[in-house]
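Under the UniProt record's numbering, the first residue of the sequence shown is numbered 1, with each subsequent residue one higher.
Treat the hints with care, since some could be wrong.
Listed below are the simulated DSS-like cross-link pairs for lysine-lysine, each with C-alpha atoms no more than 30 Å apart in a straight line [claimed, not checked]:
hint: 1; residue 1: K9; residue 2: K36
hint: 2; residue 1: K9; residue 2: K149
hint: 3; residue 1: K36; residue 2: K242
If you anchor each label on the Cβ, the simulated ranges turn out as follows [unchecked claim]:
hint: 4; residue 1: E18; residue 2: R295; range: 44 to 54 Å
hint: 5; residue 1: V165; residue 2: A8; range: 48 to 58 Å
hint: 6; residue 1: F4; residue 2: V165; range: 51 to 61 Å
Hint data in this document are derived by calculation from the structure and do not stem from the laboratory.
This one's a predicted model, so the numbers in the text were calculated from it and none came from an experiment.
Built from N, CA and C at the ideal position, the CB exists for glycine as well.
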Amino acid sequence: MPAFVDRAKSRLTELRREHPALDHALRTQEHYGETKAGQQAGAVTYFGFLSVFPVLALAFFVVGWVAKVYPDAQDTLQTSVMSMFPGLIGNGPSKLNIEDFQNSAATAGVIGLVGVLYSGLGWLSALRDALIAVFALPDREQPSFVMGKARDLLVLVIIGTVLLVAVAFTGLVSGFSSDLLDWLGLSTALGWLVTLLTVALGLLANAVLFFAMFRLLAAPDVPRRAMWSGALLGAVGFEILKQVSGLLIRSTQGQPAFQVFGLTLVLLVWINYFSRLVLYAASWAWTHPLAREERVVEPAAPVEGPPLPSVDELPTDDGEGSGRKGAFVAGAALGAAAAAAVVTKARSDDA
1 MPAFVDRAKS RLTELRREHP ALDHALRTQE HYGETKAGQQ AGAVTYFGFL
51 SVFPVLALAF FVVGWVAKVY PDAQDTLQTS VMSMFPGLIG NGPSKLNIED
101 FQNSAATAGV IGLVGVLYSG LGWLSALRDA LIAVFALPDR EQPSFVMGKA
151 RDLLVLVIIG TVLLVAVAFT GLVSGFSSDL LDWLGLSTAL GWLVTLLTVA
201 LGLLANAVLF FAMFRLLAAP DVPRRAMWSG ALLGAVGFEI LKQVSGLLIR
251 STQGQPAFQV FGLTLVLLVW INYFSRLVLY AASWAWTHPL AREERVVEPA
301 APVEGPPLPS VDELPTDDGE GSGRKGAFVA GAALGAAAAA AVVTKARSDD
351 A
C-alpha cells in the first residue's frame, strides 16, 4: 500500500509538471484550505445576511431620488437585484418581494442608514479580513471607527455603482438588440450574436465587480494580470451559480429545515456560496504563476570583505612601514630556506 501511494504521488507530481493548469488548480485548492477560507466565508455570510435588507432598503431610497433625473434607474436596480439573487425575487411565500423594499424606502433614509452602518459595512469588514487572509497581507494600521466606516461606505457605494452601471449597460444592449442588428446591417436571424454579446458583457461586468472587490478591499501586491485572472474565474463561477440557483433553491426548499426557516435558509445558502466563490477566485489570483514568480526571493549576494593586500601594495613609507615590509620579505625567505633544507634532508635519508 505505501508503494502504491508513493507511485500515485510521483505520478501526480509529473502531471502537475506537465500541465500548468492542473498545478494551478491544485495550488488554489491547497491555498484555499491552508488559509481556512471556508471558515472565513462563514463570517462573511453572517454579516452578509444581516446586510441584505438594510442595503436593499437604502438602495431603493437613493435610487428613488436618482429616478427623478434618470427614470430608468428604478428598473435598473430591480434588474441588478434579480441578477444578484436569481430565483429569490417574486411574490411567492418564499421569495423576496421588491414592493416591500420600495414601500419601506421612505423610512430607509434614517433607519436603513443606521442598519447599513452596522451590518452592511460589517459585511465589507468581514470580506476585507477574509481577502487579507487569502492574499497573505501583513497587518495594517486600522483607521479610527468613524474614518473606517466612512471608507467602507465609500467602497460600498463604488461597488454598488459598478454593479448598477454594468447591469444597465448589459440591459441596454439586450433591449436594443434588433436596432443594433439593423445598425450593423445584419439579419435578425443572427440574433444569437447579440445573445452571445450580452453573455460576454455579463461576464465582463462580473469580472469588473470581482476585480473592484479585490482592489478596493484588500489592495494586494499581486500583478494585475493575475488579479484579472482571478476576477474572470469568479465571473464565470458567478454566472454558473446564477444558472444553477433554481436547482439550488428547489433542493433547499425540499428540506425539512426550510419549513422552519423559510427564506432565511435560502439566503444563507446563497450568500455562503457567493462568499466562497469570492475567496476561491482570490486564491486563484494569489497562486497565479505570475504572482508566484513575483514572490520568489532572490538569493542575497555573498558579503565580500576587502581583498588582501599583496607584497607590492604594502606601505612603502620609511620607518614602521618599511620595517614591516622588510620583516615580511625576511620571513618569506627564511621559510623558503627551511623548506629547502627539509627536502634535502629527506632525499639524503632515502639515499
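Going down the list of hints, with the structure as the test:
A threshold of 30 Å between alpha carbons decides the hint, and for K9 with K36 the separation of about 24 Å falls inside it, so the pair holds. Distance hint between K9 and K149 is unfulfilled; the C-alpha atoms sit about 49 Å from each other, more than 30 Å. With a C-alpha separation of about 25 Å, the suggested pairing of K36 with K242 holds against the 30 Å cut-off. Roughly 23 Å separates the CB atoms of E18 and R295, a value that falls outside the hinted 44 to 54 Å.
About 49 Å separates the C-beta atoms of V165 and A8, a value consistent with the hinted range of 48 to 58 Å. Taking 51 to 61 Å as the suggested C-beta distance range, the pair F4 and V165 conforms, at roughly 55 Å.
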